[in-house]
Amino acid sequence: MQLETLAQSLNAQLASRSAEQALRISFEAPELGQVALVSSFGAEAAVLLHLVAVSKPDLPVLFLETGQHFAETLVYQQELAERLNLRNLRIIQPARAALEHSDPSGKLHRENPDACCALRKSAPLQAALEAMPDLGALITGRKRYQGGPRRALNVFEADPATGLIKVNPLAHWRAQDLRTYMEENRLPKHPLLAKGYLSIGCAPCTSPTLAGETARSGRWRGREKVECGIHFINGRAARAPHSAKETT
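Numbering (my numbering), first residue to last: 6 to 253.
In short, the hints are calculated from the structure, not lab data. Keep in mind the model is a prediction, meaning the values are calculated, not measured. Some hints could be false.
Keeping only pairs whose Cα atoms sit at most 27 Å apart, straight-line, the calculated DSS-like set for lysine-lysine is [to be verified]:
1. 194 <-> 61
2. 200 <-> 230
3. 200 <-> 112
4. 112 <-> 230
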C-alpha cells in the first residue's frame, strides 16, 4: 500500500478526535510495524508522554539531545522520564566527528540555522530511524493550534522524506485541553513556561512568546524558518507563508 493511501486509510478509521484512539490504531495496525515516539520534552511534551506511558510504556521514545538545549529542558527530561517510568528512552546525539567538522565553534546556528538543525537534529534522527528497520510510524506532539503549516495537520500523514507514517494524536487538541489534562493528571510543567516560553527548542534559537502571538512565534524569531527539518510539509521543509524560497 502506498504511503499516502495508508495515511488516508488510517484516518478513515478514526471515529473521534480521541488521542487514545489514534494511539490504539497506531499500535494495532499491522501495516505500520514498529512504532516510536520522538519528543522534545518541551512545553507540552508531558501530555503525549503520559498518554504513551499509560498505554504502551515500553514504546521507544527518542529524545534529540542537540547539545544546545536549555539546562531546564535537560533537567525536565530526566524528571519526566523518571516520573512516567519511560522504559525505552533513547538519547539521540549528533556524531562528535560531524560537530567538530561542521560546527567546531558551536555558532553555526547564527550563520545557517538550517544547517545547524540538519547537523544536530535531522541527521542524528535519520541515523536512529535507519537503525530501526521495522519502523513504520513515528508519533509526534504537533498540534493544529500551534499555527503556521501545522494548521492543516491530519492525525495520520505520509512523510515521503522518511518513508514513515507520522502520527499526530494531539492534532485537534487546543491549548486549554492540554492544560486541563496536565492539571487532572498532576503532570509537572516545563520550568520555562513560567517565563513565557510556549514552544521550547534549542536555547540559541528560542525566545519567549509575546502577547497575541501564536505558540511557536518564539522559534527562530526574525527568520523565515518555522520548522527544524524533522517535520516536513508535502515532503519539503516548512517556511513561513510569505517566504518565496524553500530549501531542504
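- Task: List in ascending order the numbers of the hints, as given earlier, that are violated by the structure.
- Result: Nothing - there is no hint that the structure violates, so all of them hold.
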